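Novice: Read top to bottom, the protein sequences are chains E and S. Going letter by letter, the first sequence gives residues 1 to 232 in this note's numbering. Going letter by letter, the second sequence gives residues 1 to 232 in this note's numbering.
Certain hints may be false.
Straight-line distance between alpha carbons at most 16 Å, and here's what the computed EDC-like set of lysine to aspartate or glutamate pairs gives [to be verified]:
#, chain 1, residue 1, chain 2, residue 2
1, S, Lys169, E, Glu75
2, E, Lys169, S, Glu75
3, S, Lys205, S, Asp121
With the C-beta cut set under 10 Å, the calculated list includes, among others, these residues of chain E facing chain S [claimed, not checked]:
#, residue
4, Ala35
5, Cys38
6, Gly42
7, Ser56
8, Asn78
9, Leu79
10, Leu80
11, Asp81
12, Glu100
13, Met104
14, Val220
Because the hints were derived from the structure by calculation, they are not lab data. It should be emphasised that the depicted structure is a prediction, and the values quoted were computed from it without experimental measurement. Yeah, the Cβ is synthetic: ideal placement off N, Cα and C, and Gly gets one too.
The primary structure of each chain is shown beneath.
There are 2 protein chains.
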Amino acid sequence: MRSELGVSLAYGLLATLGQSIVTGEFDKTGFPTEAELCVKFGASRTVMREAVKMLSAKGLISSRQRQGTRVEPVENWNLLDPDVLRWLMERPYSNKIFLEFAQMRLAIEPAAAALAAENQDRPAIASIREGLQAMIDHAGQPDLALKADIDFHVAILKASGNPFFWRLKPLITNALNLSIQLTNKIAGHMADIQAHESILVAIEKGDADTARRASEAILVESVNLIGKVQAA
Amino acid sequence: MRSELGVSLAYGLLATLGQSIVTGEFDKTGFPTEAELCVKFGASRTVMREAVKMLSAKGLISSRQRQGTRVEPVENWNLLDPDVLRWLMERPYSNKIFLEFAQMRLAIEPAAAALAAENQDRPAIASIREGLQAMIDHAGQPDLALKADIDFHVAILKASGNPFFWRLKPLITNALNLSIQLTNKIAGHMADIQAHESILVAIEKGDADTARRASEAILVESVNLIGKVQAA
DNA sequence: CTGGTTTTTAAATAGTATTTTTTTCTGTAA
DNA sequence: TTACAGAAAAAAATACTATTTAAAAACCAG
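Produce the entire structure from the sequences given, and follow the hints as far as they go.
Specialist: Structure below.
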C-alpha cells in the first residue's frame, strides 16, 4: 500500500499518529498495541514499527516488552523537534505555546544578531538584505511577505556563524509560519520594515550591541502582540 | 541476537553507526547498503532499518530508493539532539563545538534565569538551592561536584517555567558533563560557588535583571576559559 | 534516445524469541 | 482446614529474524 501524499508510508503514519497523540486522542484509551495499529491503518508491522520508533525518538511515546506502548507525559516531548512543535501549534487551544515560543526567540535571536555583527560573514549578511528587500517588494502580498519575513530572521541565525543557532532554522521556519499569521490576523498588524532594517544596518556596521537591542525591540513587540491575541 | 549492554539492538546500532558517522568513517567509502550493514553487524534487516530511520530523523543520513543511503552534510545534522551533540563532543578535534555550545548557553541561560526570577516557582527554586548546596557539600569530590553543578544549571531552566528552555535539559546535561570536565582539566579550575549563589539569590528576590547579569557573568567566564583551553 | 535490466531501498508477511505481568498451583504452618 | 508465601506456568506484548515482493532510479545496450 502506498501513501496518498507522495511521502513514504512510514512518514505518513508518523504524522497521523503524532497529531493524534498531541491532541490527546489516546489519553483515555491508552495507546493501541502494534497489532491494533496495523489493523487500524492497514499497514504492515514493519512499517508500523518504523513509525513507532520515530515517535519514540521524538519523545512522544515509549515502548516496553509485555507492557505495550505508552504516551509519554508532555514534559518529555521534544518541543525542539520541528514536527512536534508544529503538531502542537496546529492543535486547538495552543495559545500558551505561541507565547512560550516567542520568549525563546527573545533569548536566541538578539544573541544571534549580536554574533552576526561580530562575525561579518558577507554572503550571509547579503541574504539578510535580500530578505528585507523581499519584505519591501511584497508588502501587499501576505504570503510572500510572510515568507520574506521568515527568510530575514533565519538569515540572521545563519550569519551568526554558530551552528546551534543555525540549527534552529527548521524549528523557527515552521513555527513562524503559524506564529506570524496569528499576530497578523488580529490587529491587521504588518511587519515593521524599519525595525527590521535597523537590525540589518547594525549588523552591517559590525555594531553588536545595537543589533542586539534592535532585535530585542522587535521581539518584545511580538511577545506583547501575542499576549494581546490571547486576551482577545 | 541480543545486545551486550541491556539496550535494545536497534539502539545499540544507532549509537555505533552514529559515532562512526561523526568521526567521518564513511566519508571516503560512502555509506554501506542495507544488506552490507546487516552482514557487518549481524542484525536483521528490520532492526537495521529502524536504526537507519532514527539516524535519518537526527539528520545524519538520508535514504532513497535505488540510490542507497548517504551521509548528509554536517550542516544538516541536528546538533540539538543530545545524542548527536555527545557523539560530536566525544570525537577528537572537537574544540570548536565546545565554544559554540558555550555561546548558545550564553543566549539561553541568562534569559532562563531572568524568567525564573519573574516566575517564582517555589519548588523549582528550592531545587536550584539544593544544587548549590550539593556543590558546597561535595566541593572536594569532582564527580559529585560536577553533577551538582549540572543540577544547578538545569534547575534554573526548569524554574523558568518555559518548556522550551526546560527541553534543553538532556542536551545541557550531556554536554556540560564533557564541557565542565574540559575546563576543569586545564586550569585546575573549580566552579565559582559565590558566582552561582548570586544567581540564586537574585532569583529568590525576584530580581530578573540581576539574575540575568549574574548568569551572564558565569557564562562569559566559561567562554573565556574554553578559549584558553583551545589556545593551549 | 528509448526501453529493458539491474540495483537498492520500501513495504509486506509470517514466524520465533524474550521479557514481564498475571495467574495458578502447591506446600507448609497456624 | 485455611491462609499465605513462593514457585511454576501461562499469557501478552514488543523485539527480532527471515524472506519475498514492489517500486524507483540509474545504467546500458541497441
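Novice: Give a verdict on every hint.
Specialist: Against the structure, the hints:
1. Lys169/S - Glu75/E: Judged against 16 Å, a Cα distance of about 11 Å means the pair holds.
2. Lys169/E - Glu75/S: holds (11 Å)
3. Lys205/S - Asp121/S: The hint holds at about 12 Å.
4. Ala35: violated (16 Å)
5. Cys38: Since chain S brings no Cβ nearer than about 14 Å to Cys38/E, farther than 10 Å, the hint is violated.
6. Gly42: violated (19 Å)
7. Ser56: Because about 9 Å separates Ser56/E from the closest Cβ in chain S, which is inside the 10 Å limit, the hint holds.
8. Asn78: This interface hint holds because 6 Å falls under the 10 Å limit.
9. Leu79: holds (5 Å)
10. Leu80: holds (5 Å)
11. Asp81: Holds, because the Cβ-Cβ distance from Asp81/E to chain S comes to roughly 9 Å (cut-off 10 Å).
12. Glu100: holds (5 Å)
13. Met104: holds (4 Å)
14. Val220: violated (12 Å)
The structure is inconsistent with the numbered hints 4, 5, 6, 14, although it conforms to all the rest.
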